[in-house]
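Participant: Sequence:
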Amino acid sequence: MGMSDQALQENNHLLKNSASLTHSLVSGDTRPWDCLLQSGPIITTAIHAGHSIRNEMRPWLEISDMDRLREEDPLTDYFLPVGDSLLRVNRSRFEVDLNRPRDKAISTNPEDLWGLHVWRPDLPQEQIEKSMRLHDQFYSMVRAHCDKMIARYGHIMLLDIHSYNHRRDGATAQPATAEKNPDIDLGATTMNHEIYGELLGHFAEHLRRHPVCGRTPSVGVNIRWEDGGNFPEWLHRIYGDRACVITLEYKKSFMDEWTSKADILALQALREGLSHAIKYARNHLLQMSRSIA
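Position one of the sequence shown corresponds to residue -8 (this note's numbering), numbered consecutively onward.
Quick caveat, the hints were computed from the structure, so don't treat them as lab data. Owing to the predicted nature of the structure, the values given are computational and were not obtained by experimental measurement. C-beta atoms are modelled at their ideal positions from N, C-alpha and C, and glycine is treated no differently. Mixed in with the good hints there might be a few duds.
What follows is a list of derived Cβ distance ranges for each label pair [said to hold, decoys possible]: (1) Lys139 x Ser55: 19 to 29 angstroms; (2) Asn46 x Leu277: 43 to 53 angstroms; (3) Arg228 x Arg124: 19 to 29 angstroms; (4) His184 x Ile141: 12 to 22 angstroms.
The list that follows gives simulated cross-link-like pairs (lysine to any residue, SDA-like), each with its CA atoms no further than 20 angstroms apart [what the hints assert, rightly or not]: (5) Lys121 x Thr99; (6) Lys252 x Cys204; (7) Lys139 x Val210; (8) Lys121 x Arg158; (9) Lys171 x Gly192; (10) Lys270 x Arg158; (11) Lys171 x Arg206; (12) Lys171 x Arg158; (13) Lys252 x Thr163; (14) Lys139 x Arg158; (15) Lys139 x Lys252; (16) Lys95 x Met57; (17) Lys171 x Gly211; (18) Lys252 x Met57; (19) Lys95 x Val73; (20) Lys121 x Leu52; (21) Lys139 x Leu27; (22) Lys121 x Asp20.
The task is simple: from the sequences and hints, build the whole structure.
Facilitator: Structural data, given as structure tokens:
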């Protein structure tokens, strides 16, 4: 049986407030992340969805809000409710990038930030250390939750949802070629294909079955990047084959990346496709657990 309602409420309260245990929030700051724990082996995360920057850091910001938003992953949290347990990071990746190692989680060097001048070079070390502590707290929280899920289900799936730009030459320029820029790219670089290859293939097929604004979405595997970043690699180091981790990279065809205007119908269609893919994956994982038990 899954957790009781009381246990879920207690865990949700703990995780929502975990960052405040050792990180004092400045008045007006948003909570670093929000979690919702529920029964089931699927966790969906949007670790780059946030845009907030803690107030005490703002005097050292050099980048405009709109330029910063373009390099974040807005609206990826829209997909989270189709999972069992949900995790949304509210803080900007430029305050703390949770998909990078601790010592690279925040940087004032434009070479680390695609040439962007995000922070003034004199950003105090105290602020950098606060971001690193937030990085520590996030990974501790995720490990505590995943430990419980694996103890219950044997195997879990974590879907880390991101998005990427495809009109970098400007709002009116031609988009990047479709061949190397699929509508959805499934990053599965840490996956053991002998165990999860069948699941991955069917997962991709379920995504393709649901039209987006009248056309079939293109779905690739490991097209965009050689790895999924620190987060999936860390999960693989800790849990090995007990955690099936996929990084979903949605092309920002569901929005205008230069104005941030959303295409709600496209978002709804993409989320419906993900919902059906997750339904298949959930049944697959539960069957795996029953066959091992």
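Participant: The structure should be examined with respect to each hint, and the outcome stated for every one.
Facilitator: Now the hints, each set against the structure:
{"no.": "1", "hint": "Lys139 x Ser55: 19 to 29 angstroms", "in the structure": "41 angstroms, violated"}
{"no.": "2", "hint": "Asn46 x Leu277: 43 to 53 angstroms", "in the structure": "44 angstroms, holds"}
{"no.": "3", "hint": "Arg228 x Arg124: 19 to 29 angstroms", "in the structure": "21 angstroms, holds"}
{"no.": "4", "hint": "His184 x Ile141: 12 to 22 angstroms", "in the structure": "20 angstroms, holds"}
{"no.": "5", "hint": "Lys121 x Thr99", "in the structure": "15 angstroms, holds"}
{"no.": "6", "hint": "Lys252 x Cys204", "in the structure": "16 angstroms, holds"}
{"no.": "7", "hint": "Lys139 x Val210", "in the structure": "32 angstroms, violated"}
{"no.": "8", "hint": "Lys121 x Arg158", "in the structure": "34 angstroms, violated"}
{"no.": "9", "hint": "Lys171 x Gly192", "in the structure": "19 angstroms, holds"}
{"no.": "10", "hint": "Lys270 x Arg158", "in the structure": "33 angstroms, violated"}
{"no.": "11", "hint": "Lys171 x Arg206", "in the structure": "18 angstroms, holds"}
{"no.": "12", "hint": "Lys171 x Arg158", "in the structure": "13 angstroms, holds"}
{"no.": "13", "hint": "Lys252 x Thr163", "in the structure": "15 angstroms, holds"}
{"no.": "14", "hint": "Lys139 x Arg158", "in the structure": "41 angstroms, violated"}
{"no.": "15", "hint": "Lys139 x Lys252", "in the structure": "39 angstroms, violated"}
{"no.": "16", "hint": "Lys95 x Met57", "in the structure": "23 angstroms, violated"}
{"no.": "17", "hint": "Lys171 x Gly211", "in the structure": "9 angstroms, holds"}
{"no.": "18", "hint": "Lys252 x Met57", "in the structure": "12 angstroms, holds"}
{"no.": "19", "hint": "Lys95 x Val73", "in the structure": "31 angstroms, violated"}
{"no.": "20", "hint": "Lys121 x Leu52", "in the structure": "16 angstroms, holds"}
{"no.": "21", "hint": "Lys139 x Leu27", "in the structure": "14 angstroms, holds"}
{"no.": "22", "hint": "Lys121 x Asp20", "in the structure": "14 angstroms, holds"}
When the structure is compared with the earlier hints, violations turn up for hints 1, 7, 8, 10, 14, 15, 16 and 19 and for no others.
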